[in-house]
Structures are given as structure tokens and as C-alpha cells.
Amino acid sequence: MYFRPTTIDEAIGALASQGGRILAGGTDFFATQGDRPVLGPVLDISAIDALKGIRVEADQIRIGACATWSEVIAADLPPAFDALKAAAAEVGGWQIQNLGTIAGNLCNASPAADGVPPLLALDAAIELAGPAGTRRLPLDQFILGPRRTALAPGEMVVAILVPRRFEDARSHFMKLGGRRYLVISIVMVAAQVALDLQGRVAGARVAVGSCSAVACRLPALERALLGVAAGAGLAGLVRTEHLAPLRPIDDVRATALYRLEAAQTLIGRALDACLSEPAHA
Amino acid sequence: MIPITTASRVDGRLKVTGGARYAAEFAPAQDNVLHAVLVQSTIAAGRVASIDTARAKQVPGVVAIMTHENAPRIDLGKAGDMTPGFPLLQDDRVMFNGQHLAVAIATSFEAAQQAAQLVELHYNRDEATLLMSDNPTGTSVPQRFRNGMRPPASTRGTPQASFDAAAVKIDQIYRTPIEHHNPMEPHATLAEWQGDRLLVHNASQSVFGNRKALAGFFGLPEDNVRIVSPFVGGGFGSKGVSWPHITLAAMAAKLVGQPVKLVLTRRQMFTSNGYRPKTVQHVRLGADRDGRLTAVLHDGISQNSAYGEFSEPVGLASEMLYSCPNVAVTHRLSKVNQGLPTFMRAPGEASGVYALESAMDELAWALGMDPIELRLKNYADRDEHEDKPFSSKTLRACYEQGAAAFDWKRRVAQPRSMRDGRLLIGLGMATATYPVNRSEAAAKVRLQADGTAIVRCGSQDIGTGTYTVMAQLVGEHLGLPLDRVRAELGDTALPQAPVSGGSQSVASISPAIREACLAVRAQTLQLAAGDPASPLHGLDPEELDVADGRILQSAEKSRGETYQALLARQGRAAIEADGSAKPGEEKQKFSMHSFGAQFVEVAVDPDLGEVRVRRHVGAFAAGRIMNAKTGRSQMIGGIVFGMGMALTEATEVDPRSGRVTNATMADYLVPVHLDVPEIEVIMVAEQDDAVNPLGAKGIGELPTVGTAAAIANAVYHATGQRIRDLPIRPDKLIDGLSI
Ligand SMILES: Cc1cc2nc3c(=O)[nH]c(=O)nc-3n(C[C@H](O)[C@H](O)[C@H](O)COP(=O)(O)OP(=O)(O)OC[C@H]3O[C@@H](n4cnc5c(N)ncnc54)[C@H](O)[C@@H]3O)c2cc1C
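Protein chains in written order, with our numbering: chain A, 4 to 284; chain B, 385 to 1123.
These are calculated hints, taken from the structure and not from any lab test. Bear in mind the structure is a predicted one, so any value in this text is a computation, not a measurement. Ideal placement from N, C-alpha and C gives every residue a C-beta, glycine not left out. Treat each hint with caution, since some may be false.
FRET-style restraints, in silico, Cβ to Cβ [unchecked claim]:
#: 1; chain 1: A; residue 1: Gln36; chain 2: B; residue 2: Asp436; range: 19 to 27 Å
#: 2; chain 1: B; residue 1: Thr390; chain 2: A; residue 2: Gly239; range: 49 to 57 Å
#: 3; chain 1: A; residue 1: Thr137; chain 2: B; residue 2: Arg996; range: 46 to 54 Å
#: 4; chain 1: B; residue 1: Gly805; chain 2: A; residue 2: Gly234; range: 14 to 22 Å
#: 5; chain 1: B; residue 1: Leu1058; chain 2: A; residue 2: Asn101; range: 17 to 25 Å
#: 6; chain 1: A; residue 1: Ala223; chain 2: B; residue 2: Arg673; range: 55 to 63 Å
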């Protein structure tokens, strides 16, 4: 059974009456399927207009559940989104970026999902719709573990919402993989830095992926950077103890130890890149 | 003499427009194909205690579940030496994780997939051996090394004593991992029985090898089996022997009495069609203070399966590459519960030369000598192992031209001394060598009344350009533009040709095609000269030539006529001739090898251990290059293959279960475009009149050889870190760098 509704209500209705798995761009859906056939109903949400596009609203930026990586790259967004754009440009290749959605990336809940660190750094929230209406969850309460989200039965993601709080902060994303691109991340880092008029750090947000079951922010580092004069660079301030929230594992891609060392290096580089790069208008 | 051409692929348009049909895209004449999906073992050793197919059979559309209990019995004795006789559902043994244990057959692919999931297997487990031996203990000597054509060990002089006495010594162990070929096209077979005749469309590097295997298994005359394989999306060795899925498809078709299609999934391509085995290589080099080699010892152990034998011939290059009076080489096998390894692009040389040329680099450092100088000092002017002259060897020019193009001079000898910002820069080089192979082949050429020609030869085009070279040869010899020549290959209904392996296709089939062309040409000239109505009447055929689709007088080119005119007047539909050719005495008289030199620049990020190849120059002398364009692209491809070997490719096996843990293209990392920098290929001029009538030595494998060593040597130069365990992943490098 393959269902392709055109409105959110129809989709919610279908989920309630027959259930089914949601299909957006399908780039994770089919890859996860492996050698098994697709059984059971499929709900294709790609024809629902209300889920499309990226909109700048009064106090938030709304990324529709069907917005693709290519749309993020092309959208006119403030400098704080540069990290998300850079991540978008590193997801797969062009074909994947044209099909894959940011929401799908979050719902798939891979520890290596490249969209998560930049959106954590942006304090993003997730808007969910279900039989009981809509609700909103901060991103770090939406992704609960590897392949686990807070989606309740019958619920779907409608949009990703980013508050318009630190729009002028500069941001940067760095990804390390076993080859130059088209690769599952060994480590990825999103950093965002806002400076005050004296060149001191007014706000810093750093998130690291692929080094724990769910990507996470580094609050101790963010606090340590507050008020620091950025002139001499920030990389030197990153300490091993700031990485305490990370719990990397050994796997086929790299050792845990390497991940930690690489994370520390990349965090420093991403922070400094936020200082050196001119903000895009 | 045939000039070097740069013709584009004659099948290029078909490929880019989707018109080229690959094995899985064929369908039987009646629309009655069934789909087969493999069920694989989840344990590495034991026996199948019972199989419950009840749930699987309930899936709508399922026709049969083939297991060792109901599979047709086949004859394992006559399929040919190279054909794996296991796992073919003839008994209940389980010898590796991922082994085929059942085949679900259904009217749709999805139904077969679902049924395959529902087959329940129960095992009696045995203790599995999953780790290969690191040292000779527990290993064995190959019984059929190089198909029984060579001894697995050799010694000349007094290697051990000379090594012990050497002034300068290198004594190291080098390791290479399991690698999988991963051609883009998955293996696919469509098998159709017509009475006691079997028609098979197969993704194949050897249609005649497949025919022999299937005829042997099913007890049929070879003429009753036809294998068709017009296009192959890469093979790299994995489509060379007749892997079990081919036979299983034919068995399934026999069981259900309908055509069956079986396509391997990418995941299954890590357990069903061989791999480059893991090796542990102990290399010892002894030299005097001037850098002259006094001892070369190369002891290789390669991983083997628990049921068949494949031995990676890592030491063969060490026997002949350098001049040295005292050389010993051994090959041993370590059996583990894994599938059978096989040939993979430059089998033996790719892994073995990585070890030898890394050791040579280490020796150069130990001596304080330039790596090229060390190699020139030990240059072998003849093959000291076989004690024969080389048919040709132009390696000196490869070093020279490669070094000049690469600007080797700028290299500052001291490791860690070249930088670009925070990046460490390293330059490295290595030698490449690969033997020249050739087998018997036949061909048929037909010049038709409409002025076009057809060339038929049962070879394969695995992306290498065989179609193009075949058409080109006919074009040259019959004076026809390429668009008037049609090449047919990949079919056992055509004249017999060998496996597309060992870089031998062009060297084997070209002389046969040439012979057929010359016969057609001679007949045609004869006809013209003898035809009173021809403008060429009365001339000696010796005075005639062919060009632009015409027969003409060499001295007076305007005098002549078209093929069409001649054949029309003669009332002939075509002029046809066969050609065949096989190797002669040359192998007894000469040692025949191609050679090359690889030069690499890497940049290493000292904080992350990331290695990027920035530039690669490969200079190769491989006799006559038949087509500079397809040849260049093969050489670039070979180098890229070596880059993957050096930096990213390794198949990981869970040491507890024997399961491959990275059986996807997402985690088995082949290089992608951004990993591949500018690659400069220099085709060093070389004339070789001995190897074969065309003087072409084969180019498919040579450029892979030495690439990994050159990269490892460059990484050492950049970082001072020697990685003796491929691939050179960042985490291996960083441990040493951060100290
Ligand atoms: C070749 C290749 C390369 C890739 N490279 C990268 C990479 O570099 N980095 C990276 O992070 N990812 C990568 N991916 C993974 C994938 O492309 C991304 O995660 C993508 O963003 C997923 O989006 P999608 O729209 O295709 O999701 P789908 O595959 O359609 O869905 C993914 C999952 O989310 C669920 N879902 C989707 N939308 C919703 C919704 N609105 N509400 C509830 N559930 C929903 C689906 O049910 C499914 O479980 C790659 C994939 C491929 C095939």
C-alpha cells in the first residue's frame, strides 16, 4: 500500500487509520531497507505543499519537513546558518542533496547525521503533528538515541524551527571522513561565535557529532569561551575536559581515541574559522 | 606497423545513452523469468542441522526454495581447475559466514527477497578459525601454486648467510588487508534451459571459462552451453572464475523448469565472488655500504579459505626485479573460515611490490641514498631468476621521464622537511612491474557487400576497450573508418578467446584478428586483380593497397574501386576468413614483463593524520599502446585502484562471527573524485618484437603495482612515520605523529 497525500491532515488521518512508514526523499529509507523487501504501507509525504520550502517568519526560520539539502544551500539565510549550509554541501553528492531532506536526516537519528550538530548549535526545535494536534520539542529532546526519536505513534515532523536569536553570529562546520567526500563522518563539528563590539566572545555554541550516541553540545567549552578576547584565536582554549560529554566508540571507521583527538582539533579549527571568515550578507 | 590511435570508444554512445545491455537487463523470449535470491549462513563453521522452509513457501509467488536437500546433483569433478566447487548446495557443510545455503525462487524479485528472509536455518556449530596466522606456524605450502605452473618457493645463491653478513639490513613485516573488487555492475546471471541446452547471460570476464564450468557441472557437451556477456560493468578479477551463483542460477532453473535470474546484492558481493586475500609478508634486504643488494628474502603468507586453494603470489616480483645473487622467496597459506580468495587486479604484484618497494625505500633511508639511485644501482639487465634476457625492458627511461615530469629534484631528502602551511609534504616513488601474458585465441572477420566489416571474437570488454581495439584493428587492416566496422564479443557462439585477466586480452586476440584481416585482405586484392571489370585488373596484388573503404593501386591512389563495387560485380555477399594465434617459443627464450615508475606527492595534516595525494606521475613502458586514449584511461584507473589500496580500502571481518562488517559502499571506501588529484600518465616508447606479433604487452594491471608503495614512501617522507600495514588510515598515522 503506497499512499501519497497532499495535505498534512490527510497524512495524519492515514497514519491513524492504517499506520505506515513515512517516506520523504527516501535516501535513508531505502538504504536502511538493505536486502529486505518493502512490506506494509508507505506514506509518501513529498506531495504535501505545506511541508515544502524554507520561510523566514517574524521570530523564527521555518524549514519545512520536505525541504531538501539543496534548498538549504540555495536559501538566503543569515550567517548563523553558514554551518548548516556547509553541512548540506557535504551530505552525499548532488543527487542525494536534491532528494534528501533535513527532517529525514533528523528522523533517521543516525549518530553520524551531518544535519544535527549545526541545528543543535542553532537551538533548533522540531514541530510535530499527530492525532492530538501539534507540539514542539527542542532538538536535543527529539533525538533520543541511535535510530530513536521522540516521535509518538501516528506523529510526523512538520518543520524544523530556528529562533532568530543569534542570526549575526558566524558559524562553521567541519567534517572528517575516511575519504574526501561521500562519506559517513568520523567526526563533525559545528561552531557558532558571536563577538561583541570589543571583539570579545558574546556567545559561543559548539556541537559535535559521531562521537556519542547522539550529537551533543559542549556547554563547558561554550562557557569557557564567554567573554574571551578573540583576537589571538580560540583554538588554544579547547581543553580535553571540555570534551567530557563525548563518548566515542571504536568502530570500522576509526578508533575512539582518534575520534577524541580529531574532535579537539576540528573544534579549534571551526572556532577560528568563525573568526576569520567574513559573514555572508 | 599500426600507428597509435586515439579513437574514442566505439561503444561509448551506447553506454552513455543506456543502450548497452548488461546481464541483468536481459529477459528470456517468453515472459516467464523467475527471480532467485540467495540465503546465506550466519555462522562461520559447522553443518546445517535442519532447514524450515514452510513460512518461506507461504509467501505468494514463491515457486521453490532450493536447499542442499532438493538441489539438482551436479558433477564436481569436471568444471576446470579454477572453478570453485563450493558452496553449491551439494552437502550440509558450512565453511564461512555468508555462504550460500538456500535459494528462494519466486515470480517477483520482492517475493523471492521476502521468502529468503523467512527461510529458517538451524545449525550444528563447529569451532571456526577466523584469524589468519601471523607467522609460518600453522600455515601450509600451496599445492597448486600458480595453477601448478611454478614452485611456491625458490632460492638462488646463499640468501640467509648473505643477509646475516650484510653491512646494512632491512628486516620488516608488511601487511595488506582483504580487499574486494567492487565493480560497479553487480554480478548477475540469467539461466535458461532449452531441453538439454543451457543459455546463460552472465556478467563475465570469461565466457569460455563459464561454459567449461557449467558443461562440467551438468555433464553436458560444451556445445550445449552458450554464455553471452556483451557488456560488463567492471570486473577487476571478480568475474574471472565461475563463482557458485552462476551455477546456482542454472541449478535453480533446472529445478523449477523455468528461466531464473539471480543478481547479487552489493552486500553479497563481499561473500560470493572472491577477494584479494590478506597477506603478512616478511621482507629482508641486505646491502653493502654502496647500496648493492647482497640478499633479498621475501616470505609471504596469504589467507586462504578452508575448502579451496588460492595463493597470492606476492614474491614473484622479488625474484626478478633487482639484480642480486642471493634471493629466497617462499609462499605459504593460512586457512581460515572465509570464502575463497581470487585474482584481483595485479594479483601478487599489487601486494608483493608494496612490501618490496617499501623495504627498498627503507633501505635507501638506511643508506642515505636517493631512492632512484638505489634502484638504478641494482638495475637488473636480465632476469636473474629465470636466467633469460628480457624481451624488452625500458625501466631506466621510466625512472628518467617520470622523475623529470614530477620534478623529483626538488625533493629535500630529510623526512618532515617539506611543508605547505601546516601541512607536511612528502614525495615518494616506487617501481612497477607486471608479467606479460598471452593465450591462444581465434577470430573471424567478414567484409560485407555493403562495404562494412564485422569482427567476431569471444573475448570480453570489461570496460577496458576491447570493442574499440577490435574495430580499430580491422579498420587499419582493411582501410575502413571505425563506423563501418562492427565488433562482436562476449559470446561462446563466437571464436574462442581467453579470460580477460592477466592483462592479456589485447596481446592474445589482436594477432588472431590481424591474421583474419590479412586473409580477407589478400582474398579481396586477389579478386580485384583477377576481375577483368575491375580498374585494378591485371595488377599484381602486391601492388595494391586498401584505404577509405577502397582497394587501390599503391603507386597511383586514384586508381581503384570500392569494396561494394567489387563484391557486387562478383556477386559475393561477403569475404570471410578465420584467424587464430597462440604463443610461440618466446616464453622459453625471454622473460617478458612490463615496467613502470610511480611518483607521488602527498600532503599530510599533522593534527588529523589525513593523507591527500596531491599529484601522481606514472611512467610506463608496456610495448605498443594500441589506443592511447583508452590506454591512458586504463592506466589512470589502475593508479586510482592503487590509491584505494594505499589509503582507504579494507574489508573488515568480525573476529567473533566471521561476518564482514563493512559490506557496503558507504563503509568500504573506494576513492571518490575529490580523492583523486591530477594524474599524469607517461607512455614511455618501447618496441618489443618478441612478445607477440603486435608488440603489445598489456596495461590493465601494471599501473596498480607500486602505487601503494609510492604513497607509503611519500607518507614516510612527509611524516617520518613508516606504515607497514595498509591502508594508511588517519588513526594509524596520528598515534605516531602526536608523539
Ligand atoms: C549515497 C548517500 C550518501 C549519504 N551521505 C550522507 C552524508 O554525508 N551525511 C548525512 O548526514 N547523511 C547522508 N546520507 C543519508 C541521507 O541522505 C540523509 O540522512 C537525508 O537527509 C535523509 O532524508 P530523506 O528525505 O531522504 O529521508 P527518508 O529516507 O525519506 O527518511 C528517513 C527516515 O526518516 C523518517 N522520516 C522522514 N521524514 C519524516 C517526517 N517528516 N516525519 C517523520 N518521520 C520522517 C522516515 O520514515 C525514515 O525512517 C546519505 C545517503 C546516501 C544514500
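Here is how each hint holds up against the structure:
1. Gln36/A to Asp436/B: 19 to 27 Å: holds (25 Å)
2. Thr390/B to Gly239/A: 49 to 57 Å: Between Thr390/B and Gly239/A, where Cβ atoms are some 55 Å apart, the hint holds.
3. Thr137/A to Arg996/B: 46 to 54 Å: Cβ of Thr137/A to Cβ of Arg996/B: about 47 Å, so the range 46 to 54 Å holds.
4. Gly805/B to Gly234/A: 14 to 22 Å: holds (21 Å)
5. Leu1058/B to Asn101/A: 17 to 25 Å: holds (19 Å)
6. Ala223/A to Arg673/B: 55 to 63 Å: Holds, at about 58 Å.
Going through the hint list in order, the structure satisfies each hint without exception.
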